[in-house]
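Go ahead and model the full structure; you've got the sequences and the hints to work with.
Spelled out from the first residue to the last, the chains are:
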Amino acid sequence: MPIKNCRGHHPGRLKRRIAAAALWGVLAALVFAAAGASGHTAGQEALVQGLRSAQKTLQAGMDAWDPDKFLAARDQFLGLLVMQKESGGLLSYYVGLADFRLASYYLASGKTAEADRFASEGQQYLEKATQVDPKFAEALALNGYLVGIEVALHPDQAMELGMKSFEYLNRGLALEPDNPRIQYLNGSYLMYVPEAYGGGADRALESLAKAVALFEKEAVTDPLRPSWGKDEALTYLGMAYAKKNDAERARGCFRKALAVNPAFGLAKSELAKIDK
Amino acid sequence: MTPDKFAPLDPVIHSQVRLAVLSILASAVQADFNFLKSAAGTTDGNLSTHLAKLEEAGYIRIKKSFQGRKPLTTCILTERGRSALSRYVKALEDYLPKEIKSKAS
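These protein sequence lines map, in sequence, to chains Y and V. According to the numbering used here, the first sequence is numbered sequentially starting from 1. According to the numbering used here, the second sequence is numbered sequentially starting from 1.
Just so you know, not all the hints are guaranteed correct.
What the hints assert, rightly or not - What follows is a list of derived Cβ distance ranges for each label pair: (1) Y/Pro155 x V/Lys70: 24 to 30 angstroms; (2) Y/Ala263 x V/Gln30: 30 to 36 angstroms; (3) V/Arg69 x Y/Ala46: 33 to 39 angstroms; (4) V/Glu79 x Y/Ala46: 30 to 36 angstroms; (5) V/Arg69 x Y/Asp133: 36 to 42 angstroms; (6) Y/Pro134 x V/Gln30: 22 to 28 angstroms; (7) Y/Asp133 x V/Glu79: 20 to 26 angstroms; (8) Y/Val132 x V/Phe6: 48 to 54 angstroms; (9) Y/Gln44 x V/Glu93: 22 to 28 angstroms; (10) V/Gln30 x Y/Thr112: 14 to 20 angstroms.
Said to hold, decoys possible - Straight-line Cα separation of at most 25 angstroms, PhoX-like style, residue types lysine-lysine; simulated pairs: (11) Y/Lys111 x Y/Lys135; (12) Y/Lys111 x V/Lys70; (13) V/Lys63 x Y/Lys111; (14) Y/Lys256 x Y/Lys276; (15) Y/Lys268 x Y/Lys210; (16) Y/Lys268 x Y/Lys256; (17) Y/Lys210 x Y/Lys164; (18) V/Lys5 x Y/Lys111; (19) Y/Lys56 x Y/Lys217.
Read the hints as simulated data drawn from the structure, not as lab findings. These numbers were taken from a predicted model, which means no experiment stands behind them. Quick reminder that beta carbons are idealized off the backbone N, C-alpha and C, glycines included.
Right, here's the structure in full:
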């Protein structure tokens with residue numbers, strides 16, 4: 001899985017830069033941290049560009065539901081992380097986000113060993129992110145969702161893992177109840193949880209509707225902060241309406257999702273399904 | 001400081017590729033072979049040799065599995081490897097004059 005040449009540099013030069021930066025990273029972390037230096041601002045612009053490129057690759061993977069793009073994005077995020085341009089646990093979060101996409105993809109494809117690998121690794125990166133910043137609400141919520149994927153993979157541990165996943169999601173929700181991505185993660189997770197265990201279409205719908213309303217008001221100005229999910233929240237809200245046999249509202253949501261992101265494959269296929 | 005007072009540098013780590021591998025694994029939960037090859041800027045054969053040395057020293061653990069039908073080799077830094085890396089960097093620090101340290105920071 002080669003690291004994508006995201007900044008238009010010669011690949012060989014990029015490799016050498018990453019290798020050099022990786023070496024520098026150890027010294028920066030262990031030597032200069034002791035001297036009280038953050039080592040972060042100098043590479044800020046490169047970090048923003050690298051992050052944007054990786055986010056774009058990840059979104060392209062989501063649009064086309066393509067595991068190769070998810071893996072390429074993951075390598076880009078991991079490349080940034082090993083270059084030590086850490087930013088409050090944010091890069092660990094993004095690797096965890098790519099792992100979340102991969103675990104979801106492989107779970108849906110029935111490739112359980114791969115799903116397990118990425119769910120487990122993603123949790124470790126998200127734990128790292130919340131070790132750096134214990135109030136990183138989105139990392140907590142995403143971790144909760146990944147634990148939820150483990151429920152599907154290990155039904156013998158469903159009770160224990162189910163409680164753990166709700167604990168993480170609820171901690172995220174308690175910290176940032178008005179974060180649209182957390183409401184979206186909560187809502188989309190509840191879609192797959194049986195009603196008897198606190199899930200179901202009604203509860204999912206409530207959280208997804210809240211997510212959509214919050215996305216309407218959201219304006220992310222910091223390019224490093226997560227800003228994904230509006231198209232997904234609208235699509236999942238449509239799926240929740242479809243589950244309740246409200247085809248008209250479902251159709252409206254899918255169309256809105258496509259207005260936000262015309263390339264979003266899931267919204268296209270769900271709209272086609274309902275228009276059949 | 002005279003050369004005979006320099007702290008010894010761990011010969012297992014004192015190679016560009018092996019140091020790069022350890023520093024990558026210090027940041028990542030684990031990394032697969034292709035990622036390490038690309039990030040360390042080396043070849044399959046060269047990386048394999050260096051990984052074997054690191055594994056032999058107990059600094060990394062190598063797992064062989066499959067991703068779909070493709071074989072997948074992943075490497076994880078062990079606690080022993082993490083401690084060795086810290087000691088290496090600390091020892092290396094003793095080699096640096098104060099002016100270089102302050103310029104770099």
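- Please write out, lowest number first, the hints stated earlier that are contradicted by the structure. 8, 11 and 18
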